[in-house]
Amino acid sequence: MARGKSAYEPICPFCYSPIDRPKKVEPRRFGDFDCGACECGAVYVHDVTGHNLGAAWVEALGFACNDDWDLAWSLTPGEDYQDAFLENYDIESHLVQPTGLTKDEKVVKAALVFIRMAKDVREVTHEGVREKMELFSEPRISAEEKDKAYFERRSRRYSKQQVMALVQDGEVEKIRAMALEDPLVLRKIQRLLYSTDEMLMWKAITTLGAVAGALATDRPGLVGDLVRRLLLASGDSAATNWGSIETIGEIIRAQPKIYGSFLRHILGFINDPPSCPAVLWAIGRIGALHPRVVRSNEFFALFALLKNPEPKIRGLAVWAFGCVKAKEALKAIQGMIDDTEELRFFDGQSIIYKTVGELASEAVERIEGPISH
Numbered sequence: 284m285a286r287g288k289s290a291y292e293p294i295c296p297f298c299y300s301p302i303d304r305p306k307k308v309e310p311r312r313f314g315d316f317d318c319g320a321c322e323c324g325a326v327y328v329h330d331v332t333g334h335n336l337g338a339a340w341v342e343a344l345g346f347a348c349n350d351d352w353d354l355a356w357s358l359t360p361g362e363d364y365q366d367a368f369l370e371n372y373d374i375e376s377h378l379v380q381p382t383g384l385t386k387d388e389k390v391v392k393a394a395l396v397f398i399r400m401a402k403d404v405r406e407v408t409h410e411g412v413r414e415k416m417e418l419f420s421e422p423r424i425s426a427e428e429k430d431k432a433y434f435e436r437r438s439r440r441y442s443k444q445q446v447m448a449l450v451q452d453g454e455v456e457k458i459r460a461m462a463l464e465d466p467l468v469l470r471k472i473q474r475l476l477y478s479t480d481e482m483l484m485w486k487a488i489t490t491l492g493a494v495a496g497a498l499a500t501d502r503p504g505l506v507g508d509l510v511r512r513l514l515l516a517s518g519d520s521a522a523t524n525w526g527s528i529e530t531i532g533e534i535i536r537a538q539p540k541i542y543g544s545f546l547r548h549i550l551g552f553i554n555d556p557p558s559c560p561a562v563l564w565a566i567g568r569i570g571a572l573h574p575r576v577v578r579s580n581e582f583f584a585l586f587a588l589l590k591n592p593e594p595k596i597r598g599l600a601v602w603a604f605g606c607v608k609a610k611e612a613l614k615a616i617q618g619m620i621d622d623t624e625e626l627r628f629f630d631g632q633s634i635i636y637k638t639v640g641e642l643a644s645e646a647v648e649r650i651e652g653p654i655s656h
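Letter by letter, the sequence shown follows residues 284 to 656 in my numbering.
Since the hints were made in silico from the structure, they are not lab data.
Ideal Cβ placement from N, Cα and C applies to all residues, glycine included.
Honestly, I wouldn't trust all of these hints.
[Claimed, not checked] Using 27 Å as the maximum straight-line C-alpha spacing, the simulated BS3-like pairs for lysine-lysine come out as follows:
| # | residue 1 | residue 2 |
| --- | --- | --- |
| 1 | K288 | K457 |
| 2 | K306 | K457 |
| 3 | K486 | K415 |
| 4 | K637 | K614 |
| 5 | K389 | K288 |
| 6 | K288 | K386 |
| 7 | K402 | K486 |
| 8 | K540 | K457 |
| 9 | K443 | K402 |
| 10 | K486 | K307 |
| 11 | K540 | K307 |
| 12 | K389 | K306 |
| 13 | K486 | K386 |
| 14 | K540 | K595 |
| 15 | K590 | K608 |
| 16 | K415 | K595 |
| 17 | K307 | K443 |
| 18 | K614 | K540 |
| 19 | K637 | K610 |
| 20 | K637 | K306 |
| 21 | K402 | K389 |
| 22 | K443 | K306 |
| 23 | K590 | K637 |
| 24 | K443 | K457 |
| 25 | K402 | K415 |
| 26 | K443 | K415 |
[Said to hold, decoys possible] Quick list of the computed label-pair ranges, beta carbon to beta carbon:
| # | residue 1 | residue 2 | range |
| --- | --- | --- | --- |
| 27 | C323 | E624 | 33 to 43 Å |
| 28 | G361 | C298 | 48 to 58 Å |
| 29 | R547 | Q632 | 39 to 49 Å |
| 30 | R575 | R474 | 31 to 41 Å |
| 31 | S633 | S376 | 54 to 64 Å |
| 32 | E322 | D630 | 31 to 41 Å |
| 33 | W356 | H377 | 27 to 37 Å |
| 34 | A448 | Q617 | 38 to 48 Å |
| 35 | Q617 | A367 | 51 to 61 Å |
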């Protein structure tokens, strides 16, 4: 639909009906995005910068699926849903500015990302989307007010040395408080994943997961950006050995209700040999606290790894099944007690050496539980 240079009210690109101003809707996983829904079933997400369209698109996809991420990842673009973008949208005036400037010469870079599900998918998700819009809508505040509140709250920047010292000491609550004041704290911890000091790297993984989990409700945008970076890094073969998969696992462990659906993403790397140990470690850590989260995914596809020729993979598979207390794997694990091959791994507290057989014995004890007298 052709437009001139005059500002105009935004319309849905699918049904051409006027749309309402986007509102705050919880939970926000990938950024501080406002959302809206059209009567035709389309949803839209506001990217205030115009530079985070990828994250806004993922947020819109999740919102359109009523936060059913298993459903979201299974859909096919073009067949199960359509998407569209509307640039130069100014949320304050609720107008599209074709020239990229308002009447008072304010630059407009924001955009709206639209997704509309196919009719059969909408029948499943639309009611939940509508209820969220009604339940979680909040009064509109300007970007200037948001910035003012943030800078009033923010007191200082923290150095990488300060952050590293607290990571080494495991001071999760102190780091959480620092991250509320300085959003770059999480990035500084993330850089420690590349440390040549292996123990520091593992402390960074566990601390980053715990801190992100603690911040998930207070600063969803901050944690969403971190998760997005980790998801991108986990798909990079050069990054998979540097803690991205393990850290996503720790975030799921800390906030399974919000991020549990991303375990499916982690499991997607199980057949990649360099990534497999990281996946098994993450499964074990999550499963020790939240076995239902692990069992709700394609967990028992991991059975074949109990016969893997690599001791590290075989041993971590045994350890993971033990953490989940998987009785279904008990017989196979009992047959591994005499396996004398050794592996080295981080058990959540320290780097240890164990034989596969020792891990199998411990797993059997966990699965069978304490013997009553």
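Holds or violated: are the alpha carbons of K614 and K540 at most 27 Å from each other? 32 Å, violated
Just to be careful, I want the Cα atoms of K590 and K637 compared with a cutoff of 27 Å; is the pair within it? 17 Å, holds
Sort out whether K288 lies within 27 Å of K389, counting only the CA atoms. 15 Å, holds
Given hint K306 paired with K389 - CA-CA distance at most 27 Å: 22 Å, holds
Honestly, do G361 and C298 meet the 48 to 58 Å range at C-beta? 18 Å, violated
Are the Cα atoms of K415 and K595 separated by 27 Å or less? Violated: K415 and K595 sit about 45 Å apart, past 27 Å.
Starting from K637, check that the Cα of K306 is at most 27 Å away, please. 53 Å, violated
S633 paired with S376, Cβ distance criterion 54 to 64 Å: 58 Å, holds
Mind checking the hinted window 33 to 43 Å against the Cβ distance between C323 and E624? 60 Å, violated
Sort out whether K402 lies within 27 Å of K443, counting only the CA atoms. 50 Å, violated
K540 paired with K457 [C-alpha distance capped at 27 Å]: Distance ~24 Å between K540 and K457 Cα, so the pair holds.
Are the Cα positions of K402 and K486 separated by 27 Å at most? 47 Å, violated
Going through the hint list in order, the structure does not satisfy hints 1, 2, 3, 7, 9, 10, 13, 14, 16, 17, 18, 20, 21, 22, 26, 27, 28, 29 and 32.
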